[in-house]
Amino acid sequence: MEILKVSSRSVPNSVAGAVSGVIRESGAVEVQAVGAGAANQAIKAIAIARGYLAPLGIDLICIPAFASVLIDGEERTAIKLICEER
Numbered sequence: 001m002e003i004l005k006v007s008s009r010s011v012p013n014s015v016a017g018a019v020s021g022v023i024r025e026s027g028a029v030e031v032q033a034v035g036a037g038a039a040n041q042a043i044k045a046i047a048i049a050r051g052y053l054a055p056l057g058i059d060l061i062c063i064p065a066f067a068s069v070l071i072d073g074e075e076r077t078a079i080k081l082i083c084e085e086r
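Be aware that the sequence shown starts at 1, since it is given in UniProt numbering, and climbs by one per residue.
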């Protein structure tokens, strides 16, 4: 499954386009975000992606989970949003 990493400076429309493209291509994508700002941008992007995919008959669902990621040699907790077609 492809992993898209989102930061607090990510543009939600751009992330939504990437999510939509991967969903159309492979049917599932994992979106990772570390921190409140990044999680906010990721959630907005997924909401926008639902709007992009709905006219194509794709019902996008999202399963939230936690993940541990290494950043600069330090282990951090990330939110991972597993997105797939219903």
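The set of hints was computed from the structure by calculation and includes no laboratory data. Quick caveat, the model's predicted, so the values are computed rather than measured. Please note that the accuracy of each hint is not assured.
[What the hints assert, rightly or not] Restraint ranges, calculated between C-beta atoms of paired labels, are given here:
id	residue 1	residue 2	range
1	G57	S7	27 to 35 Å
2	G73	G51	17 to 25 Å
3	A54	E74	16 to 24 Å
4	S68	E2	17 to 25 Å
5	A54	E75	18 to 26 Å
6	F66	S8	17 to 25 Å
7	G73	G21	28 to 36 Å
8	E25	A47	29 to 37 Å
9	L70	A36	15 to 23 Å
Positions of the beta carbon are idealized from the N, C-alpha and C atoms, including for glycine.
Okay, the hints, checked on the actual structure:
no., hint, in the structure
1, G57 x S7: 27 to 35 Å, "holds (31 Å)"
2, G73 x G51: 17 to 25 Å, "violated (39 Å)"
3, A54 x E74: 16 to 24 Å, "violated (39 Å)"
4, S68 x E2: 17 to 25 Å, "holds (19 Å)"
5, A54 x E75: 18 to 26 Å, "violated (37 Å)"
6, F66 x S8: 17 to 25 Å, "holds (18 Å)"
7, G73 x G21: 28 to 36 Å, "holds (32 Å)"
8, E25 x A47: 29 to 37 Å, "violated (20 Å)"
9, L70 x A36: 15 to 23 Å, "holds (20 Å)"
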